[in-house]
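Protein chains in written order, with full-length UniProt numbering: chain A, 1 to 538; chain B, 1 to 538.
Calculated from the structure, these hints are not laboratory results.
Hints may be right or wrong, so weigh each one.
Which copy? The list can't say, so a pair holds if one copy fits it or any two copies do.
[Stated by the list, open to error] In silico lysine to aspartate or glutamate, DMTMM-like type, Cα no more than 20 Å apart, as pairs:
1. Lys339 to Glu261
2. Lys337 to Asp21
3. Lys397 to Glu491
4. Lys337 to Glu13
5. Lys338 to Glu208
6. Lys503 to Asp420
7. Lys126 to Asp370
8. Lys523 to Glu39
9. Lys401 to Asp3
10. Lys337 to Glu261
11. Lys337 to Glu208
12. Lys338 to Asp21
These figures come from a predicted structure and were not determined experimentally.
2 protein chains.
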Amino acid sequence: MMDYPLLIRSMLERGRLVAADQEIVSRDFRGVMRYTVREMYERVCQLAHALDRLGIEPNEHIGSFAWNNHRHLELYFAVPCSQRVLHTINIRLFAEQLVYIINHAEDRIIFIDEDLLPLMESIADKLPLVERFIIMTDAQEMPATTLKNATLYEELIRGEMTEYAFPDFDEWTTALLGYTSATTGMPKGVEYSHRGLFLHCMMALVGELGVRESDVSMPIVPMFHVNAWGRPFADTWIGAKQVYPGSRPTAKDFCELIDHERVTYSAGVPTVWMGILQHLKSNPGAYDVSSVRCLLSGGSALPQSLVEAYEKELGIPMYQGYGQTETSPITFISYPKKKHQNLQGAERYRIRAKTGHIVPGLEMRLVDPDGNPVPYDGKSMGELLLRGPWVLRSYYKDPEKSREAFLNGWFRTGDIATMDSEGYLQVVDRTRDLIKSGGEWISSVDLENVVMGHPEVLEAAVIAVPHERWQERPIVCVVLRPEAVDRVSKEDILQYFEGRVAKWWIPDEVIFVSEIPKTSVGKFSKKTLREQYQSGSL
Amino acid sequence: MMDYPLLIRSMLERGRLVAADQEIVSRDFRGVMRYTVREMYERVCQLAHALDRLGIEPNEHIGSFAWNNHRHLELYFAVPCSQRVLHTINIRLFAEQLVYIINHAEDRIIFIDEDLLPLMESIADKLPLVERFIIMTDAQEMPATTLKNATLYEELIRGEMTEYAFPDFDEWTTALLGYTSATTGMPKGVEYSHRGLFLHCMMALVGELGVRESDVSMPIVPMFHVNAWGRPFADTWIGAKQVYPGSRPTAKDFCELIDHERVTYSAGVPTVWMGILQHLKSNPGAYDVSSVRCLLSGGSALPQSLVEAYEKELGIPMYQGYGQTETSPITFISYPKKKHQNLQGAERYRIRAKTGHIVPGLEMRLVDPDGNPVPYDGKSMGELLLRGPWVLRSYYKDPEKSREAFLNGWFRTGDIATMDSEGYLQVVDRTRDLIKSGGEWISSVDLENVVMGHPEVLEAAVIAVPHERWQERPIVCVVLRPEAVDRVSKEDILQYFEGRVAKWWIPDEVIFVSEIPKTSVGKFSKKTLREQYQSGSL
Ligand SMILES: Nc1ncnc2c1ncn2[C@@H]1O[C@H](COP(=O)(O)OP(=O)(O)OP(=O)(O)O)[C@@H](O)[C@H]1O
Ligand SMILES: Nc1ncnc2c1ncn2[C@@H]1O[C@H](COP(=O)(O)OP(=O)(O)OP(=O)(O)O)[C@@H](O)[C@H]1O
Ligand SMILES: [Mg+2]
Ligand SMILES: [Mg+2]
Numbered sequence: 001m002m003d004y005p006l007l008i009r010s011m012l013e014r015g016r017l018v019a020a021d022q023e024i025v026s027r028d029f030r031g032v033m034r035y036t037v038r039e040m041y042e043r044v045c046q047l048a049h050a051l052d053r054l055g056i057e058p059n060e061h062i063g064s065f066a067w068n069n070h071r072h073l074e075l076y077f078a079v080p081c082s083q084r085v086l087h088t089i090n091i092r093l094f095a096e097q098l099v100y101i102i103n104h105a106e107d108r109i110i111f112i113d114e115d116l117l118p119l120m121e122s123i124a125d126k127l128p129l130v131e132r133f134i135i136m137t138d139a140q141e142m143p144a145t146t147l148k149n150a151t152l153y154e155e156l157i158r159g160e161m162t163e164y165a166f167p168d169f170d171e172w173t174t175a176l177l178g179y180t181s182a183t184t185g186m187p188k189g190v191e192y193s194h195r196g197l198f199l200h201c202m203m204a205l206v207g208e209l210g211v212r213e214s215d216v217s218m219p220i221v222p223m224f225h226v227n228a229w230g231r232p233f234a235d236t237w238i239g240a241k242q243v244y245p246g247s248r249p250t251a252k253d254f255c256e257l258i259d260h261e262r263v264t265y266s267a268g269v270p271t272v273w274m275g276i277l278q279h280l281k282s283n284p285g286a287y288d289v290s291s292v293r294c295l296l297s298g299g300s301a302l303p304q305s306l307v308e309a310y311e312k313e314l315g316i317p318m319y320q321g322y323g324q325t326e327t328s329p330i331t332f333i334s335y336p337k338k339k340h341q342n343l344q345g346a347e348r349y350r351i352r353a354k355t356g357h358i359v360p361g362l363e364m365r366l367v368d369p370d371g372n373p374v375p376y377d378g379k380s381m382g383e384l385l386l387r388g389p390w391v392l393r394s395y396y397k398d399p400e401k402s403r404e405a406f407l408n409g410w411f412r413t414g415d416i417a418t419m420d421s422e423g424y425l426q427v428v429d430r431t432r433d434l435i436k437s438g439g440e441w442i443s444s445v446d447l448e449n450v451v452m453g454h455p456e457v458l459e460a461a462v463i464a465v466p467h468e469r470w471q472e473r474p475i476v477c478v479v480l481r482p483e484a485v486d487r488v489s490k491e492d493i494l495q496y497f498e499g500r501v502a503k504w505w506i507p508d509e510v511i512f513v514s515e516i517p518k519t520s521v522g523k524f525s526k527k528t529l530r531e532q533y534q535s536g537s538l
Numbered sequence: 001m002m003d004y005p006l007l008i009r010s011m012l013e014r015g016r017l018v019a020a021d022q023e024i025v026s027r028d029f030r031g032v033m034r035y036t037v038r039e040m041y042e043r044v045c046q047l048a049h050a051l052d053r054l055g056i057e058p059n060e061h062i063g064s065f066a067w068n069n070h071r072h073l074e075l076y077f078a079v080p081c082s083q084r085v086l087h088t089i090n091i092r093l094f095a096e097q098l099v100y101i102i103n104h105a106e107d108r109i110i111f112i113d114e115d116l117l118p119l120m121e122s123i124a125d126k127l128p129l130v131e132r133f134i135i136m137t138d139a140q141e142m143p144a145t146t147l148k149n150a151t152l153y154e155e156l157i158r159g160e161m162t163e164y165a166f167p168d169f170d171e172w173t174t175a176l177l178g179y180t181s182a183t184t185g186m187p188k189g190v191e192y193s194h195r196g197l198f199l200h201c202m203m204a205l206v207g208e209l210g211v212r213e214s215d216v217s218m219p220i221v222p223m224f225h226v227n228a229w230g231r232p233f234a235d236t237w238i239g240a241k242q243v244y245p246g247s248r249p250t251a252k253d254f255c256e257l258i259d260h261e262r263v264t265y266s267a268g269v270p271t272v273w274m275g276i277l278q279h280l281k282s283n284p285g286a287y288d289v290s291s292v293r294c295l296l297s298g299g300s301a302l303p304q305s306l307v308e309a310y311e312k313e314l315g316i317p318m319y320q321g322y323g324q325t326e327t328s329p330i331t332f333i334s335y336p337k338k339k340h341q342n343l344q345g346a347e348r349y350r351i352r353a354k355t356g357h358i359v360p361g362l363e364m365r366l367v368d369p370d371g372n373p374v375p376y377d378g379k380s381m382g383e384l385l386l387r388g389p390w391v392l393r394s395y396y397k398d399p400e401k402s403r404e405a406f407l408n409g410w411f412r413t414g415d416i417a418t419m420d421s422e423g424y425l426q427v428v429d430r431t432r433d434l435i436k437s438g439g440e441w442i443s444s445v446d447l448e449n450v451v452m453g454h455p456e457v458l459e460a461a462v463i464a465v466p467h468e469r470w471q472e473r474p475i476v477c478v479v480l481r482p483e484a485v486d487r488v489s490k491e492d493i494l495q496y497f498e499g500r501v502a503k504w505w506i507p508d509e510v511i512f513v514s515e516i517p518k519t520s521v522g523k524f525s526k527k528t529l530r531e532q533y534q535s536g537s538l
């Protein structure tokens with residue numbers, strides 16, 4: 001077959017050819033704007049010309065510091081299709097992490113959303129390599145800023161030609177650069193090749209959970225983290241209507257957009273879905289969410305109670321995706337087999353809360369600490385290893401972490417899982433979060449799953465604490481519904497575990513907190529909880 | 001990203017992992033057998049070991065001469081996954097063409113279905129390179145045959161190990177070899193790489209017309225022609241139930257299988273669908289075909305009247321695929337856009353009979369005879385050029401045809417088409433079948449489309465005949481329904497064109513025939529019609 005490189009350009013060109021009139025909706029704090037794929041394409045071409053004019057070399061890194069909006073989408077295409085690399089900076093990292101990754105990536109130019117200026121200004125003096133900022137705003141005039149060499153995005157692209165001869169080049173060329181969420185340590189960089197994204201995004205169009213031309217897709221998962229799970233590329237490729245929720249979106253914003261734009265498909269982390277569920281329940285009848293065909297939850301374990309609540313209370317099917325920054329990210333998807341689709345009762349939600357089946361294109365192993373395969377019996381736990389065209393080759397400029405991350409050419413996910421005879425994977429825990437109690441393992445995720453089924457519990461996280469006799473024991477941090485704070489006792493919580501898990505799994509202690517600390521992408525930060533526990537501030 | 005080769009093995013391994021218990025049904029003249037993906041996998045491993053034992057080298061060609069059945073499926077996986085090349089021989093070619101391609105491919109071993117033995121025996125003495133035949137049959141004993149060095153398939157694999165360490169190798173390695181249908185001349189060979197098939201089959205899982213785990217897929221399109229459109233690979237990959245219709249299947253066999261196996265998805269050429277429609281209409285109430293979710297028609301133009309009949313009379317949606325042996329084959333698919341799904345009346349079927357949208361992954365151009373782009377206005381005709389990862393690089397051992405087939409790196413399809421502003425391609429005709437009348441072009445396909453809408457017409461083909469003044473003029477060959485033979489006159493047919501096409505398009509002559517000659521894969525053979533006309537035998 002032809003030596004045809006797998007490039008992101010292919011997605012853009014097909015989108016324009018088959019869906020030129022398709023709508024793209026972009027919200028921002030000023031309101032909602034909409035344009036067509038044709039107009040998007042033209043602005044992408046203009047932006048590519050502007051990058052040429054600025055003299056940016058092939059393979060140079062360009063930072064984006066932005067929400068999910070139409071200009072970020074334009075960067076997603078213009079930068080890699082003109083053979084530069086888009087470094088999507090996670091705006092929610094701590095200042096020191098931001099400084100670290102921007103310097104580590106050697107970004108010399110950063111595209112930044114207007115409302116994120118203060119954040120960037122606060123660290124700008126620690127970014128010696130950055131030469132230029134491009135401000136993304138609908139405002140006609142340059143907002144007041146202390147950033148040096150600031151240009152308005154709209155001025156940058158104005159007058160440029162609306163066609164661009166996007167070149168052919170090697171499919172192994174890096175297209176995007178992203179960093180991990182820093183749940184367990186400093187963020188690690190991952191380079192995404194055109195080839196890897198092409199294949200990952202094709203996969204993201206497969207099956208019942210693949211977005212279709214008839215869908216209205218709203219990526220809640222941020223474009224500043226793991227390529228928004230590939231949605232901007234895949235949705236453009238297939239010609240779906242796209243809805244970008246923009247700056248500081250709240251549950252209310254999401255609900256409004258679902259209602260007004262007739263969203264059919266959305267992807268996000270469990271904490272987002274918890275927030276939306278709360279908002280819908282507190283405002284009965286306020287929104288029409290009947291357009292939604294399915295929701296994809298990923299980034300951390302999906303509590304079974306949440307799947308159940310969405311289906312029973314809202315009539316919305318929610319499915320789980322599993323993946324990592326290192327894997328572009330999607331590796332497993334939980335769509336149930338035909339024979340499991342009509343299960344009823346507890347069994348139904350048990351299957352639906354499974355991590356899922358490996359997606360087409362990847363290969364897996366489950367190994368014990370010695371690297372030997374564990375049986376696929378639904379019980380034996382092992383570390384999940386992965387291979388595949390959208391799995392990283394090594395961390396960016398980090399040989400030490402890269403060495404640790406591989407075992408005979410397989411990527412070590414750092415996650416412990418089981419695999420059953422039907423091919424459903426169940427992620428049990430991160431290696432670091434597993435509780436080693438008296439030589440046996442307790443899954444913090446399983447315990448959370450149980451306690452979050454308690455009707456008065458909003459959120460809960462389980463961590464290991466040191467124990468003289470058992471080495472480690474679980475304790476649980478619980479956020480109650482405001483109305484329930486005086487009604488529910490520690491004993492009530494402990495009792496709730498009884499009969500639901502083995503006796504020796506039941507946590508030693510319950511700590512009521514007003515909030516579970518979260519990471520940059522809304523995951524429970526157990527690292528923070530452990531630190532708080534150690535310093536006595538929990 | 002990882003340097004992970006795109007190999008067919010990946011599809012097989014995932015199929016086994018996620019769908020080990022899924023059913024595979026295989027019909028043959030003795031009856032219907034069924035087994036699971038797990039058993040299929042084990043026999044694939046046994047077959048791979050047997051090929052090793054026979055000493056077959058990497059990249060060596062292995063011929064298959066077989067119907068759509070489970071042993072053919074096993075060959076589809078065992079041969080390429082163990083790094084050999086499966087040459088799927090089109091059993092319907094003429095003897096001289098068979099001899100040509102088997103010798104051209106240098107097959108030294110051929111796997112052959114029992115009931116095809118007489119055909120092979122009749123040409124065996126012209127196949128000096130073939131050393132060995134493997135007979136595929138459920139019979140316990142070797143059928144009587146004059147073929148030399150014949151072994152039973154079941155004996156070949158018996159006792160071999162049911163696990164095989166399928167190796168990693170270069171994704172550009174050839175997996176399958178196929179030849180074109182010989183509609184226009186001698187068959188031309190196309191080598192399919194693992195990479196190309198991986199990408200093509202991933203694409204075949206995308207969108208509404210992608211097969212899903214919940215589907216029951218029955219590939220009618222033969223496994224001896226263009227990889228059965230990739231279905232055996234893609235269906236195994238996604239874990240769908242597969243139904244193989246086996247030896248000499250008739251419309252009755254297809255209807256029975258649809259009914260008994262609850263088929264949801266099938267793919268075939270228009271003449272097959274015409275036959276099935278006739279059979280269903282002649283046997284009202286005899287079959288339950290309500291399980292069918294969609295049918296995909298391809299290989300030649302889909303008459304609008306057929307789409308309409310399937311929808312109105314059977315409630316079954318039929319869609320069109322377009323492609324070529326040279327393109328693995330699928331390049332365009334006709335699933336309508338959301339905004340076109342609820343069209344009613346003529347407009348509905350006009351859109352549904354469009355050739356369709358380019359599939360994700362490919363790139364197209366439409367050019368005039370000088371190679372300049374023609375406008376995408378739905379009217380301007382040009383030759384369709386294609387590029388993409390599953391488009392051929394060159395014909396197998398045929399430098400001359402290869403040279404003609406490319407224009408600046410683009411594959412020339414030899415088909416003339418229009419493209420409208422909604423991205424729908426319409427194939428107008430083959431370059432060779434277009435009728436050049438007085439400096440203007442008449443589409444034989446359009447004329448056929450019109451006349452096949454006549455309620456008393458079963459089939460019709462339009463060819464060009466030489467004309468003194470206009471260079472060429474169309475004539476139409478018509479097969480009437482048996483009941484209508486005495487009722488319908490040539491004038492009735494000509495009258496039917498009036499108001500439906502421009503006056504000067506109306507054919508000069510109507511010839512009633514009892515059958516339209518067909519090619520090896522059931523296409524109208526206009527080459528034969530033209531020859532018959534020239535020799536005065538039409
Ligand atoms: N569906 C899921 N179920 C359980 N865990 C999940 C799921 N999806 C993602 N995860 C967890 O998230 C991890 C991937 O997250 P990500 O790549 O965003 O960074 P991180 O691992 O949180 O941060 P870092 O690697 O910097 O510590 C996985 O390894 C897994 O632990
Ligand atoms: N949906 C379709 N509509 C119209 N024509 C089609 C369609 N699908 C396939 N075709 C025709 O079939 C051709 C591809 O057929 P195939 O590769 O089987 O061999 P062939 O072209 O018939 O034979 P040969 O190339 O040997 O003459 C296309 O080039 C096109 O002319
Ligand atoms: Mg991680
Ligand atoms: Mg051809």
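Please work out whether the CA atoms of Lys401 and Asp3 approach to 20 Å or closer within one copy, between two copies, in both situations, or in neither? Between. Shortest inter-copy distance 19 Å satisfies the 20 Å Cα cut-off; intra-copy 34 Å does not.
First find the shortest C-alpha distance between Lys338 and Asp21 inside one copy, then the shortest across copies, and answer within, between, both or neither for a cut-off of 20 Å. between (36 Å within a copy, 12 Å between copies)
Is the C-alpha distance from Lys337 to Glu261 at most 20 Å within one copy, between copies, in both cases, or in neither? Answer is between; shortest inter-copy Cα gap is 18 Å, intra-copy 30 Å.
Copy assignment of Lys339 with Glu261, given that the CA separation must stay at most 20 Å: between (34 Å within a copy, 15 Å between copies)
Are the CA atoms of Lys503 and Asp420 at most 20 Å apart within a copy, between copies, both, or neither? So Lys503 and Asp420 fail the 20 Å test inside a copy (24 Å) and across (67 Å) alike.
State whether the alpha carbon distance between Lys337 and Asp21 is at most 20 Å within one copy, between copies, both, or neither. For Lys337 and Asp21, the Cα distance is within 20 Å only across copies (11 Å; inside one copy 36 Å).
If the cut is 20 Å between Cα atoms, do Lys397 and Glu491 qualify within a copy, between copies, both or neither? neither (50 Å within a copy, 79 Å between copies)
If the cut is 20 Å between Cα atoms, do Lys337 and Glu208 qualify within a copy, between copies, both or neither? So Lys337 and Glu208 pass the 20 Å test inside a copy (11 Å) and across (17 Å) alike.
When Cα atoms must be at most 20 Å apart, do Lys338 and Glu208 count as within-copy, between-copy, both, or neither? both (11 Å within a copy, 17 Å between copies)
Between the shortest in-copy and the shortest cross-copy C-alpha distance, which are at most 20 Å for Lys337 and Glu13: within, between, both, or neither? between (34 Å within a copy, 18 Å between copies)
Checking Lys126 and Asp370: alpha-carbon separation at most 20 Å within a copy, between copies, both or neither? Neither way: Lys126 and Asp370 sit 44 Å apart in one copy and 59 Å across, limit 20 Å.
From the Cα coordinates, with 20 Å as the cut-off, is the pair Lys523 and Glu39 best called within, between, both, or neither? neither (36 Å within a copy, 42 Å between copies)
Comparing the model with each numbered hint stated earlier shows that hints 3, 6, 7, 8 do not hold.
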